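Below, each chain spelled out in residue letters.
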Amino acid sequence: MEINIRNIEPSQKEYIEIGCWRVNERVNEIVRFIKLRDGHVEAYKDEKQYRIALSDILYVESVDDKCFVYLTDDCYESRKRLYEFEELLPSENYLRISKSVVVNLMKIEQIRPALNGRFLCRLSNGEDVIVSRKYVPEMKEKLRGDRR
Amino acid sequence: MKDKLKNMLSSFFISVTLINIAMLVLGRLLRPDQQFGYEVFMYPLIYGLIGMIPALIVRDGKELTVRQTLIREAIRMVLTVVLLVAFIFGGNPIEKDTVITAVCVAVSVVIIYVGVVVIGWFLDKKTADQLTEDLIRFQEKQQNL
Chain A
-18 MEINIRNIEP SQKEYIEIGC WRVNERVNEI VRFIKLRDGH VEAYKDEKQY
32 RIALSDILYV ESVDDKCFVY LTDDCYESRK RLYEFEELLP SENYLRISKS
82 VVVNLMKIEQ IRPALNGRFL CRLSNGEDVI VSRKYVPEMK EKLRGDRR
Chain B
12 MKDKLKNMLS SFFISVTLIN IAMLVLGRLL RPDQQFGYEV FMYPLIYGLI
62 GMIPALIVRD GKELTVRQTL IREAIRMVLT VVLLVAFIFG GNPIEKDTVI
112 TAVCVAVSVV IIYVGVVVIG WFLDKKTADQ LTEDLIRFQE KQQNL
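In order, the protein sequence lines correspond to chains A and B.
According to my numbering, the first sequence is numbered sequentially starting from -18.
According to my numbering, the second sequence is numbered sequentially starting from 12.
Same shape as in the complex, but just chain B:
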């Protein structure tokens, strides 16, 4: 449980950072003249929290293979896109401009989601390399007993 929470917090903060970058890029491209109040600082946190919901809903009951995990991640990603697009654009009239913005947001969410998974993988790779080093040392020690 502790490790799951640690993992979720790590994903949350990576997401929030990447959402900030996405908002900056999308804002510059689509609405360069728009001005915001202080409440805008809340948005990355709210979007980050919404992005965590699929991880809570789609849970693993049993040990998944790598392929099953990839499929589950794809499902979570689609759910995240749907949730965020619904949250941001839900209730707005469907106009050409809104659709373009929604598509850009959806693409950004996909990029952020993949980014979070890739960053997590690189952090795990560092741990795996350390574990392999420790393993070699452990095996040498056991063989010399």
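Just chain A, same shape as in the assembly:
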């Protein structure tokens, strides 16, 4: 595959164009990757609005009808619902692990047992999030992928 990079004027809008015979899974993967790198979400902290890169998100938690976006050292509130995050975040790297949490799989360092068939995910910032028993099979399937 040939890759062309062309410099454009600062006044012009940046873009990425893919030339392909047909849109197959490989092309879709590239698109998802670009969207992940380029994607962002609006969130709030101290009544100020911030743009947060999707790839920086560790996990999103829903508490009492409010959604909180957790980064390595920060937490922001979002006006989106958890199901909207599930749709917005690329499904390759993000997974629902309980009724209230969607986690970034790329930010998990270790998985440990909790009690009663549940698991704890140790994240890159040292925080732990719980994987409910109900969501364990989905996690297994996701992580095993084509190894099954």
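Treat the hints as calculated values from the structure; they're not laboratory data.
Please read all numbers here as calculations on a predicted model, not as lab measurements.
Ideal placement from N, C-alpha and C gives every residue a C-beta, glycine not left out.
There's no promise every hint is true.
[Stated by the list, open to error] Derived Cβ-Cβ restraints for the label pairs, each shown as a range: (1) PHE49/A to GLY38/B: 41 to 47 Å; (2) GLN153/B to ARG103/A: 16 to 22 Å; (3) GLU(-10)/A to LYS137/B: 48 to 54 Å; (4) THR28/B to GLU23/A: 51 to 57 Å; (5) ARG39/B to GLY126/A: 50 to 56 Å.
Starting from the structure of chain A, add chain B where the hints point.
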């Protein structure tokens, strides 16, 4: 639901095995000369079923933290002890010998309960280690895309 049932069945059979061992040890210590009929094979199953009742009563409505889960397990354990002691000794006259046996049974139930939780934890640890391995492989694959 399927996973909960699987988990309960797994706990049940681990309990039954440990109850068998406890009956053997307690019987040898407290009533070495006692003889039983075939019905004795039913007891571990019945005790195992009684032990499952607290798990059905004390249910989690929301996602519990590890500390809350530990507290819930302690409550379930106390309930199991009360239920089993009441089932085995309920209606018997309170004598010194009965009290000693009841205390031994209660201690055995606690040991069995903790045993079931510990065995379950080790089984989960095996799964967790496998998940961590799969996770590392998954992350490498995603990074190399």
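To see whether the hints hold, each was checked on the structure:
1. At roughly 56 Å, the beta-carbon separation of PHE49/A and GLY38/B lies outside the given 41 to 47 Å, and the hint is violated.
2. Separation of GLN153/B from ARG103/A is about 18 Å and conforms to the stated range, judged on CB atoms against 16 to 22 Å.
3. Checked against the given bound of 48 to 54 Å, the beta carbons of GLU(-10)/A and LYS137/B, roughly 59 Å apart, lie outside it.
4. Range check, THR28/B to GLU23/A: Cβ separation about 56 Å, and the 51 to 57 Å hint holds.
5. Taking the beta carbon of each, ARG39/B and GLY126/A are about 52 Å apart, inside 50 to 56 Å as hinted.
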